[in-house]
Amino acid sequence: MKYFEDIEVGDKAFYKGPTVTKEAIFAFAREWDPQPHHLDIDAANASILDGLSASGWHSCCLLMQMITNNPANPIAFLGAPGIEESRWKRPVMAGDTLHASSKVVDKRPSKSKPFMGLVKRHFEMFNQKDELVLTMEGWTMIARWPDAGARGE
Amino acid sequence: MIYFDDIPIGAFSDLGRYTFTEENIIAFAKLWDPQPFHIDPDAAKDSMFGGLVASGWHVTCAWMKLMVAEREKAAKERGAVYAGGVSPGFLDLKWRAPVRPGDTLHYTSITVEKLDLQSRPTFGILRSENIGTNQDGVKVFSFIGQAFMPRRPEGTEAS
Chain V
1 MKYFEDIEVG DKAFYKGPTV TKEAIFAFAR EWDPQPHHLD IDAANASILD
51 GLSASGWHSC CLLMQMITNN PANPIAFLGA PGIEESRWKR PVMAGDTLHA
101 SSKVVDKRPS KSKPFMGLVK RHFEMFNQKD ELVLTMEGWT MIARWPDAGA
151 RGE
Chain G
154 MIYFDDIPIG AFSDLGRYTF TEENIIAFAK LWDPQPFHID PDAAKDSMFG
204 GLVASGWHVT CAWMKLMVAE REKAAKERGA VYAGGVSPGF LDLKWRAPVR
254 PGDTLHYTSI TVEKLDLQSR PTFGILRSEN IGTNQDGVKV FSFIGQAFMP
304 RRPEGTEAS
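Protein chains in written order, with my numbering: chain V, 1 to 153; chain G, 154 to 312.
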């Protein structure tokens, strides 16, 4: 398990993602974003996105899924206070296969909660053509070494 | 049809309410955000939250669900059909306080900024401030949303 102290600015990570099927796009959209251009092929083809695309929120959830399903590199996450910015550069289209990367851009200990620190990461998600589809940047709360107090840190 | 030009800064929408339950919190998180404090009530007790909390993405997606429902209602009841709906992303999203089973959030949206698009003069970007407030009046969620909207075609008038 990686803790706050184990993470350095500049650290990179890579994430494998799924192929996003038409059915997956419909299923997400029916529940959370039932706009015609995410639910109906004809409406999708007539939209300015020119084909069936995933909800932007679906794209965000896919990135979250890729980050949390990354057992090779477990980090002691304690949650996140938010996202500073997410840019939806390109739609995720039916049939796209995704991958993503992250880079640590800043870190600082929490002033109010000595058991944790905050790490700021910049994420980029790509399709199978390596086109950038989405970026996200924000702080995540990460536990400090369990014995950090004992070490006087 | 409602275009970019037809929406003033300050336009307000009451999006209604969404109730979080242990069942829907776990179901959402198992799919999208399977961290122990979102999917396992026992493990969540030992977390810094002291109990199960909703994924921030669940709190966010519930906003979208209500926003689409509000737009459909406006179309049905008032004939107010919004052009557009595609977004370039969002800003300044804050999960300000935990959302727990039994919490009911009241969501609102207000137009705060209108941006011209040099690259696409027939479109503008609307920015909205979106807020989720729980049953105790605590603002637990907020973000700045953005939507591309076409401008009113020349020679047409607002209905």
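FYI, nobody ran anything at the bench for these hints, they're computed from the structure.
These numbers were taken from a predicted model, which means no experiment stands behind them.
Heads up, the beta-carbon is just placed ideally off N, CA and C, and yes, glycines get one too.
Be aware that a few hints might be false.
[Said to hold, decoys possible] Restraint ranges, calculated between C-beta atoms of paired labels, are given here:
1. V:PRO71 / G:ASP159: 38 to 44 Å
2. V:LEU49 / G:VAL291: 35 to 41 Å
3. V:MET1 / G:PRO194: 38 to 44 Å
4. V:PRO109 / G:ASP289: 27 to 33 Å
Against the structure, the hints come out as follows:
1. V:PRO71 / G:ASP159: 38 to 44 Å: This hint is violated: roughly 50 Å between Cβ atoms.
2. V:LEU49 / G:VAL291: 35 to 41 Å: Check passed, 37 Å falls within 35 to 41 Å.
3. V:MET1 / G:PRO194: 38 to 44 Å: violated, 22 Å
4. V:PRO109 / G:ASP289: 27 to 33 Å: holds, 31 Å
The structure does not agree with the numbered hints 1, 3 stated previously, though it agrees with the rest.
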